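Enquirer: So you can see what is in the structure, the chains are spelled out below.
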Amino acid sequence: MLEQRIRELLCSARDESRKAGMNVELSLHREQSNLIRLGNSAVALATHEGLTRLDVSVQDGRKVGSFSLTADIVSAEQLREAVGHAAENCKAALPKDYDPIFGVIEEAVDDSTGFDPKLESLSAVDKTALCAKVVGELKPRGHYDFSGSWSTGSTEMYYLTTANDLEAYRRLTDGRFVMVLKEQDKKWELQVELTQKAAGTFTAAEVIARFAALLPVYEQNDGYATTPDRQRVLFGPQAIAQLVSLALWGGFFGRAWEEKRSWTAQNKFGDKVLGDAITIVDDPDSPDVFGMPFDFIGKRRRPFTVVEKGIFKGLIYDSASAARYGKKPTGHDIGTGDFTLAPGDGAPGLEAGRKLAGDALYIPHLHYIHMPDPTKGMFTGSSRFNAMRIKGGEFVAPIFSSRVTDTSPSVFGNVVGMSSRTVSHNESATYGRRTPEAIGVPEWLLCDNVRISDVADSF
Amino acid sequence: MTTEKAATAVREQLERMRSAGCSFADARFYDEDASQRVVLYDGNLESNNRGLERGIGVRVLFQGAWGFAATADLGAIPACFDRALANARAAAGLPGFPRDMGPAQPAKGEYRAPVVKDPFDVPLAEKLAFLTAIDARLKDETVKQRIIHARFQRRRIHYWNTEGTEVSRLVLNTFATMMVMAPDKDGRTQRRSLELFSDGSGTRGWEWLIAPERFAGHAERLKRELSEIIAADPMPPGRRDLIILPGQGFLQVHETIGHALELDRILGYELSFAGGSHVRPEMIGTLRYGSDLLNCRAGVTPNSPGTFGFDDEGTPQRDYYLIKQGILVNVLSSRTDLGEANAKAGRTVVTESGTAARACSFYRTPIDRMTNINIEPGDGGTLDDITAATENGIIVDVPVSWSIGSNREHFHFGTEIAWEVKDGRRTRVFKNPTYQGHTLEFWRSLDKVGDKSTWLLQSVPNCGKGEPNQVMELGHGIPVMRFHDVQCGESEAAQK
Numbered sequence: 000m001l002e003q004r005i006r007e008l009l010c011s012a013r014d015e016s017r018k019a020g021m022n023v024e025l026s027l028h029r030e031q032s033n034l035i036r037l038g039n040s041a042v043a044l045a046t047h048e049g050l051t052r053l054d055v056s057v058q059d060g061r062k063v064g065s066f067s068l069t070a071d072i073v074s075a076e077q078l079r080e081a082v083g084h085a086a087e088n089c090k091a092a093l094p095k096d097y098d099p100i101f102g103v104i105e106e107a108v109d110d111s112t113g114f115d116p117k118l119e120s121l122s123a124v125d126k127t128a129l130c131a132k133v134v135g136e137l138k139p140r141g142h143y144d145f146s147g148s149w150s151t152g153s154t155e156m157y158y159l160t161t162a163n164d165l166e167a168y169r170r171l172t173d174g175r176f177v178m179v180l181k182e183q184d185k186k187w188e189l190q191v192e193l194t195q196k197a198a199g200t201f202t203a204a205e206v207i208a209r210f211a212a213l214l215p216v217y218e219q220n221d222g223y224a225t226t227p228d229r230q231r232v233l234f235g236p237q238a239i240a241q242l243v244s245l246a247l248w249g250g251f252f253g254r255a256w257e258e259k260r261s262w263t264a265q266n267k268f269g270d271k272v273l274g275d276a277i278t279i280v281d282d283p284d285s286p287d288v289f290g291m292p293f294d295f296i297g298k299r300r301r302p303f304t305v306v307e308k309g310i311f312k313g314l315i316y317d318s319a320s321a322a323r324y325g326k327k328p329t330g331h332d333i334g335t336g337d338f339t340l341a342p343g344d345g346a347p348g349l350e351a352g353r354k355l356a357g358d359a360l361y362i363p364h365l366h367y368i369h370m371p372d373p374t375k376g377m378f379t380g381s382s383r384f385n386a387m388r389i390k391g392g393e394f395v396a397p398i399f400s401s402r403v404t405d406t407s408p409s410v411f412g413n414v415v416g417m418s419s420r421t422v423s424h425n426e427s428a429t430y431g432r433r434t435p436e437a438i439g440v441p442e443w444l445l446c447d448n449v450r451i452s453d454v455a456d457s458f
Numbered sequence: 000m001t002t003e004k005a006a007t008a009v010r011e012q013l014e015r016m017r018s019a020g021c022s023f024a025d026a027r028f029y030d031e032d033a034s035q036r037v038v039l040y041d042g043n044l045e046s047n048n049r050g051l052e053r054g055i056g057v058r059v060l061f062q063g064a065w066g067f068a069a070t071a072d073l074g075a076i077p078a079c080f081d082r083a084l085a086n087a088r089a090a091a092g093l094p095g096f097p098r099d100m101g102p103a104q105p106a107k108g109e110y111r112a113p114v115v116k117d118p119f120d121v122p123l124a125e126k127l128a129f130l131t132a133i134d135a136r137l138k139d140e141t142v143k144q145r146i147i148h149a150r151f152q153r154r155r156i157h158y159w160n161t162e163g164t165e166v167s168r169l170v171l172n173t174f175a176t177m178m179v180m181a182p183d184k185d186g187r188t189q190r191r192s193l194e195l196f197s198d199g200s201g202t203r204g205w206e207w208l209i210a211p212e213r214f215a216g217h218a219e220r221l222k223r224e225l226s227e228i229i230a231a232d233p234m235p236p237g238r239r240d241l242i243i244l245p246g247q248g249f250l251q252v253h254e255t256i257g258h259a260l261e262l263d264r265i266l267g268y269e270l271s272f273a274g275g276s277h278v279r280p281e282m283i284g285t286l287r288y289g290s291d292l293l294n295c296r297a298g299v300t301p302n303s304p305g306t307f308g309f310d311d312e313g314t315p316q317r318d319y320y321l322i323k324q325g326i327l328v329n330v331l332s333s334r335t336d337l338g339e340a341n342a343k344a345g346r347t348v349v350t351e352s353g354t355a356a357r358a359c360s361f362y363r364t365p366i367d368r369m370t371n372i373n374i375e376p377g378d379g380g381t382l383d384d385i386t387a388a389t390e391n392g393i394i395v396d397v398p399v400s401w402s403i404g405s406n407r408e409h410f411h412f413g414t415e416i417a418w419e420v421k422d423g424r425r426t427r428v429f430k431n432p433t434y435q436g437h438t439l440e441f442w443r444s445l446d447k448v449g450d451k452s453t454w455l456l457q458s459v460p461n462c463g464k465g466e467p468n469q470v471m472e473l474g475h476g477i478p479v480m481r482f483h484d485v486q487c488g489e490s491e492a493a494q495k
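Same order as they appear, the protein sequences are chains X and S.
Under numbering that gives the first Met the number 0, think of the first position of the first sequence as 0, with each following residue one higher.
Under numbering that gives the first Met the number 0, think of the first position of the second sequence as 0, with each following residue one higher.
Since the hints were derived computationally from the structure, they do not count as laboratory data.
As the structure is a computational prediction, the values presented were derived from the model and not from experiment.
Some hints could be false.
What the hints assert, rightly or not - Which stretches of chain S does chain X cover? Using the computed rule of at least three CB atoms under 8 Å from a CB of chain X, they are:
#, stretch
1, 70-78
2, 461-471
What the hints assert, rightly or not - Calculated pairs, DSSO-like style, for lysine-lysine (alpha carbon to alpha carbon, straight line, at most 30 Å):
#, chain 1, residue 1, chain 2, residue 2
3, S, K143, X, K62
4, X, K312, S, K343
5, S, K343, S, K323
6, X, K259, S, K143
7, X, K375, S, K138
8, S, K343, S, K138
9, S, K143, X, K90
10, S, K222, S, K430
11, X, K259, X, K271
12, S, K126, X, K312
13, S, K107, S, K126
Cβ atoms here follow ideal geometry from the backbone N, Cα and C, with glycine treated the same way.
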């Protein structure tokens with residue numbers, strides 16, 4: 000549970016607000032973040048941020064106001080002021096033309112199962128030592144340069160509301176390791192990316208082995224420029240996670256659907272919207288995600304299906320969208336969620352994927368992806384790390400930067416095969432507060448008729 | 000803790016860092032980082048938030064490696080310096096090209112953003128009345144969704160370093176956007192939007208937002224153009240001359256010049272996240288980036304979120320060419336990487352900081368960021384002159400989507416609206432316009448640059464970069480530009 004001193008201050012602030020007849024929600028976010036940044040085969044920067052943030056929201060009928068404070072929580076007076084600022088905002092607010100939803104904690108939560116003190120305190124010295132081993136082993140093998148980052152830390156989230164006396168608390172650790180090997184003359188880039196929930200889940204030897212498995216194809220073959228056309232593509236974890244995110248964002252958010260802005264706007268629950276192979280679930284119980292047990296209106300988060308075997312099953316409503324459109328919120332007053340793409344029946348391992356592919360492009364990463372037309376589910380992004388041409392079931396050459404411009408229904412409607420083994424792809428961003436997020440995806444996804452819209456003459 | 004006490008504590012710690020063997024150390028104390036965000040969605044107040052952050056960020060250079068630490072606990076300033084030093088020592092365990100600040104550049108000064116009326120002194124009720132009036136003007140039978148977004152920032156930042164630099168800044172920014180949306184006959188949602196803009200002069204307080212010609216006065220135009228878009232045909236693909244208005248040109252410059260010229264990207268320090276650059280250090284001074292008509296500056300524009308007086312290394316912001324008559328002559332830099340750039344180029348290609356070291360908050364370290372990346376006006380005349388000189392083209396405005404190669408070598412943009420140009424006249428509106436190209440080929444095809452009358456400063460409130468991630472505010476002053484023979488829509492092969 001949260002540090003007792005801060006907990007008591009926040010509970011007192013809640014109780015005081017309730018006595019004053021106010022409807023108040025209090026959300027605390029604390030992080031200890033540590034990062035090293037690798038550039039030009041050296042640790043260019045090591046950082047630490049220890050931050051506490053408090054969000055206060057006050058609701059009075061159809062009026063809502065909020066205040067956010069980044070500062071240590073030190074006194075009852077400080078909290079009174081924060082509540083006062085939110086109340087002032089609320090007082091001056093315009094009433095909505097619908098009834099906003101006020102947070103109620105459905106069930107007390109005190110969850111520290113995802114917390115590993117060793118990962119929280121993993122030092123920059125330890126991280127540097129691992130990176131030094133990788134660089135020391137691989138750099139002499141070619142004209143290589145290494146860059147990357149390794150972010151680790153802990154997050155505490157604590158939520159209270161004047162609606163009842165329950166408390167919701169989560170403490171977890173997370174890590175994201177990314178290392179890029181760049182060939183300085185030919186300019187190709189390889190990447191190893193790993194997700195951590197605890198310390199010691201990978202070693203330098205494993206990172207070296209992952210790079211070593213990719214190097215021969217890149218070293219021994221020139222870049223291949225494919226032609227703009229519809230092609231068979233074997234996607235890897237990062238690209239699959241991006242495709243899932245885009246399908247969700249463009250198709251399964253309640254507000255966009257209600258406003259006819261989503262690619263599912265013409266569909267209703269029960270319609271076939273994607274291929275038979277596609278099942279997407281927000282599953283906080285999956286081992287491949289970080290699993291947020293509650294959201295910030297106090298809902299207990301449980302598995303929530305949006306697509307099952309291609310059938311449209313659910314729409315995601317945060318409290319604002321739900322209130323506006325008269326729907327029930329679905330536990331999504333959080334960041335993205337804990338989404339998973341269910342595995343297929345293909346053999347595990349990338350080798351099985353490329354054998355099944357025969358002749359295809361392998362695109363494990365999609366860079367800078369965007370949606371020119373969400374109403375069609377259209378996206379565009381370009382290949383980046385580790386992309387290769389597959390011929391006769393073998394990787395034969397690295398490919399030049401190739402742009403994929405297609406639609407979610409098309410890509411997920413033309414699935415040829417999918418690995419039966421899933422992996423966790425870390426989707427955490429560090430804009431603002433630390434928010435561990437991951438998507439669970441099959442390790443490979445093979446699709447036909449993927450549209451390659453442009454090809455560069457470089458990596 | 001008062002500012003004076005924080006200053007005393009920081010000065011003591013800087014001296015301690017010097018004694019500990021650090022070649023450089025600095026601290027940024029955010030005495031106040033206030034924000035306010037108001038969003039009206041179909042007239043409903045969906046975001047009504049104020050925020051306050053206060054804390055200190057410390058940077059230490061030890062044996063050529065950087066350590067950084069930040070805390071909001073102002074009673075723990077010595078511990079924060081200790082953390083930063085420990086991080087720098089750890090980083091020095093895997094050394095590379097030693098980071099070096101170059102010759103000391105002590106500076107003292109103050110900067111205050113030009114403001115007549117501080118938006119934080121304007122009551123919320125007055126703000127809402129102003130925004131609600133705009134919302135009312137955006138309503139009509141065609142418009143299905145209306146969004147108005149206003150955001151205000153006020154930052155009081157004090158900076159100190161071991162060279163004796165002491166700088167104080169009051170940075171104040173105002174951002175606002177309005178957008179209308181409606182479905183077209185194919186069911187696709189179309190939109191038309193506007194970001195608060197300026198001509199680079201004036202002030203950036205509440206008075207800027209309420210100036211009708213800069214924001215509210217465009218509501219009817221947006222509505223009218225949205226109704227034209229939803230009735231329009233899709234843009235037929237093909238190669239044409241592309242006329243870019245400043246509302247789109249800012250992003251073209253941002254993505255394919257600005258980011259590509261950040262020295263940390265060029266040197267590979269952003270490779271694992273934001274990406275690299277097609278530019279290499281040895282190209283500075285020789286690379287033909289664009290046609291002779293391309294003149295691009297990192298500018299000090301009075302009324303812009305990219306103007307801040309001193310960067311986050313305490314260096315006075317300066318104005319300089321990045322690209323002159325099409326040739327790349329400089330890059331966006333801080334003090335840190337100049338030596339490495341020159342070493343990698345094999346000659347001196349950069350001589351002084353580009354004053355682009357910027358951090359988005361007290362808890363993020365400065366990195367190379369855009370400031371005001373401006374294209375100078377040319378002699379191509381007005382938009383009407385450029386249109387009249389175009390046989391077969393389109394005019395495009397405001398991004399809808401953007402996707403750029405990891406080295407900024409190629410791009411794909413979608414825009415809100417396009418006007419067809421045939422034989423020197425605007426003939427009709429197209430919906431769903433897109434265009435794509437390869438960066439150098441594209442900028443080398445620049446064949447018309449509009450005059451000063453076409454030049455506008457667009458604010459960018461949300462440029463993302465860095466690890467840990469940072470969102471930065473900046474500006475782009477852009478004239479109307481025409482590019483010859485650009486692939487608009489998908490190529491024939493890609494349409495299969």
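Enquirer: Against the 30 Å threshold, does the CA-CA distance of X/K375 and S/K138 hold or violate the hint?
Expert: 26 Å, holds
Enquirer: Assess, step by step, whether the Cα of S/K343 is no farther than 30 Å from the Cα of S/K138, and give holds or violated.
Expert: 57 Å, violated
Enquirer: Sort out whether S/K143 lies within 30 Å of X/K259, counting only the CA atoms.
Expert: Answer holds: X/K259 to S/K143 is near 10 Å, not above 30 Å.
Enquirer: Regarding the pair X/K312 and S/K343, is the alpha-carbon distance no greater than 30 Å?
Expert: Between X/K312 and S/K343 the Cα gap is close to 56 Å, so the pair fails against 30 Å, i.e. violated.
Enquirer: Run the distance test for S/K343 versus S/K323: straight-line Cα separation, threshold 30 Å.
Expert: At roughly 23 Å apart (the allowed maximum being 30 Å), S/K323 and S/K343 satisfy the hint.
Enquirer: Can the restraint linking X/K259 and X/K271 be considered satisfied, given a maximum Cα separation of 30 Å?
Expert: 18 Å, holds
Enquirer: Check whether the Cα positions of S/K143 and X/K62 lie no farther apart than 30 Å.
Expert: 23 Å, holds
Enquirer: Starting from S/K126, check that the Cα of X/K312 is at most 30 Å away, please.
Expert: Not OK: S/K126 and X/K312 at ~42 Å, beyond 30 Å, violated.
Enquirer: S/K143 and X/K90 were given as a pair; does the straight-line alpha-carbon distance stay at or below 30 Å?
Expert: 29 Å, holds
Enquirer: If you look at each residue in the stretch 70-78 of chain S, do at least three have a Cβ nearer than 8 Å to any Cβ of chain X?
Expert: n = 3 at 8 Å, threshold three: holds.
Enquirer: Is S/K222 close enough to S/K430, meaning Cα to Cα at most 30 Å?
Expert: 15 Å, holds
Enquirer: Please check whether the stretch 461-471 of chain S has three or more residues whose CB lies within less than 8 Å of a CB on chain X.
Expert: Coverage by chain X holds here, the residue count being 6 at a Cβ distance below 8 Å.
Checked against the numbered hints above, the structure violates hints 4, 8, 12, 13; every other hint is satisfied.
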